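Undergrad: The chain contents come next:
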Amino acid sequence: MGPARAEPAGLTPLIEFDHVAFAYARAADPRTRAFAFPGLSFAIERGEIFGVIGPNSAGKTSLLRLLTRVLSPQRGEIRLDGRPIGALRSWELAREVAVVPQEAPRPFPFTVEQLVLMGRYPHGPRRFFEDAGDAAAARDAMLATATLSLAAMPLERLSGGERQRALLARALAQEPRLLVLDEPTAHLDLRYQAETAALLRRLNRERGMTVLLVSHDLNLAAELADRLLLLRAGEVARVGAPGDVLEQGVLEDVFGCRVTVDKSASGRPVVQLAYERG
Amino acid sequence: MTDARRLATALSALGVVLLAIGLTALFVGSAGLSPGAVARALTGRAETSSVEAIVTLSLRLPRVAVAALAGAALAVAGVGFQALTRNPLAEPSVLGVSSGAAFGVVLAQILGFETGLVAALGVAVFAFAGALLSAAIVYLVATAPGGLAIQTLLLAGVIVGIFFSAAITVIISLVDFNRLSGVIHWLLGNLAPIPPSSLALFAALTGAGVWLILRHARELNLLALGEEAASQLGIDAERLKRRVFVAAALLTGTVVAFTGPIGFVGLIVPHVLRGLVGQDNRFLVPTCAVAGATFLLAADTLARNVVAPAELSVGVITAFCGAPFFVWVLRARSRPV
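Residue numbers (my numbering), protein chains in the order written: chain A, 1 to 278; chain H, 1001 to 1337.
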């Protein structure tokens, strides 16, 4: 991992979506509903924790896929550090942007250490075996996520929380500038949710790592993120500080249900569903 | 110990076993030569026209080479297909790829490719085309939205295998009924000695296929993360899959062209090696090449000697080992690739 890399503030944003338009080809996959970004623009600043929230099929996952070039925009441009990501080699992009997936792959026959070392691929795609530097980075990543003691364990034998930390360690081994998390706490119980949140905050503070958090969990996003992007049907419904985005009227409009918004002990908004009794 | 050292150690240990079995194969056989006579022939001290020289150098030695090449190719093809499909049961014969290649060979034979290097190359090209075709069909049949389901893949392989076997039978019945028995012997896998020029071609094609898979071994590991995650790590998943797919089909087609479809080597050898060296394809590919050579050489030596002076097809031995093995692996499938 090396020393913390403080990001110089005030220059170009780390990530820019500039009028990004994208639509799935019709019937390419019958499970995906017709969905499109008509022209999405937003920016992620260096060193911030940026949360993306929104209803199902608002485009959260597609946004993430566009950012990692699994999908390509039909119009517009996505820039990393001012450079279009389309101009980067795929492993160059992987050195800058690491993704922690929602779920561990199955079947997956490898150990935690082998998994974490896979994160080193973009740093030496021509190497047959990882070198000492790779091993050190992997070790560092496992230390940071408290998975070093699990190094020799097959991933499939771990608990849900341990697996999540191992996947996070793999992403950290990439030594990225932007860490992307897709529903990081979806499969975790309360304690692991708290641990994951604390770990993300620490990585952000101590290593200056920019974090993009894509989540259903409005309260996790509100608690962690410096800024939130609320998506509705592929468009920005609102972007800004959690207190400005998570307003009752806005949320009720976007999600189509009644909610109440309180303040947590830390002063962040807390959203609750107002159940209708019938 | 570094990874490279560990791999070198494993390869030398397996190499010693291969050497021992290879020597054994040279010394035993239905000709009943004494060890001294074989040794004389091997060291060049026998007359070139003597029985021991002809049997040892023109029959047994090329046969040992053919067995070793075929075993190495089949085992590595198995590793390749297993990594591509993320399925420990995927293998050239199980996937029906061998049958497709055999169809290509039969087609080439009725088109008149008989002997000689050009003919051997022609047969190999037809076998490769047949292997590619059948593998592509299996892949297309088994790919549903949401990925490859293991059961679907195996069933697709069985169906494609049956189809091409039937197609072979049709062709043979139409063309020449008398050649049927010879073809059946070949269809079970027959490690007959082949001329040096063909042997060189066999070695070159096998080497190319193994090399292609070996140089992508690290990327094949990452494919276990899923294609999207692999591509997010900087891998061109489509290109990787295409290359390994072609290499595995090339290996299968080559073996079928020169020896006939020998089953289950690509299942048994990688499975045993996973237990010994682990799941890392960087270890599996090279060690399976050596261990596959050893396994098929041992099976062939057995096939030549258990019912001497007659001989079994080596495919019979591998099928007798492989079928129960397949069932065993299928039942223990909770342990994935």
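Hints are computed from structural coordinates only; laboratory data are not their basis.
Errors might be hidden in some of the hints.
Unchecked claim - If you want a taste of the chain A side facing chain H, the calculated C-beta under 7 Å gives, among others:
| no. | residue |
| --- | --- |
| 1 | Y24 |
| 2 | F42 |
| 3 | V70 |
| 4 | W91 |
| 5 | A94 |
| 6 | V99 |
| 7 | A104 |
| 8 | F108 |
| 9 | P109 |
| 10 | M118 |
| 11 | Y121 |
| 12 | P122 |
| 13 | G133 |
Source: prediction; values computed, not measured.
Just so you know, even glycine gets a beta-carbon here, dropped at the ideal spot from N, CA and C.
Undergrad: Each hint needs a verdict: does it hold in this structure or not?
TA: How the hints compare with the structure:
1. Using the Cβ-Cβ criterion of 7 Å, the hint placing Y24/A at the interface with chain H is not satisfied: the shortest such distance is roughly 13 Å.
2. Because the beta carbon of F42/A sits about 21 Å from the nearest beta carbon in chain H, more than 7 Å, this interface hint is broken.
3. With its C-beta approaching chain H no nearer than about 6 Å, V70/A sits inside the 7 Å limit, and its interface hint holds.
4. Restraint check, W91/A versus chain H: the minimum CB separation of about 3 Å is within 7 Å; hint holds.
5. About 4 Å separates the beta-carbon of A94/A from the nearest beta-carbon of chain H, less than 7 Å, and the hint is met.
6. At a threshold of 7 Å, the smallest CB-CB gap from V99/A to chain H is about 5 Å, leaving the interface hint in force.
7. Proximity of A104/A to chain H is violated relative to the hint, the smallest CB-CB distance being about 9 Å (cut-off 7 Å).
8. Given the 7 Å rule on beta carbons, the hint for F108/A holds: about 6 Å separates it from the nearest Cβ of chain H.
9. Residue-level restraint check for P109/A holds (minimum Cβ-Cβ distance to chain H is 4 Å; threshold 7 Å).
10. Because the beta carbon of M118/A sits about 5 Å from the nearest beta carbon in chain H, less than 7 Å, this interface hint is met.
11. The interface hint given for Y121/A is met, as the beta carbon of that residue sits about 5 Å from the closest beta carbon of chain H, less than 7 Å.
12. With its C-beta approaching chain H no nearer than about 4 Å, P122/A sits inside the 7 Å limit, and its interface hint holds.
13. For G133/A, the interface hint is violated, the least distance from its beta-carbon to any beta-carbon of chain H being 13 Å, above 7 Å.
In this structure, the earlier hints numbered 1, 2, 7 and 13 are contradicted, and the remaining ones agree with it.
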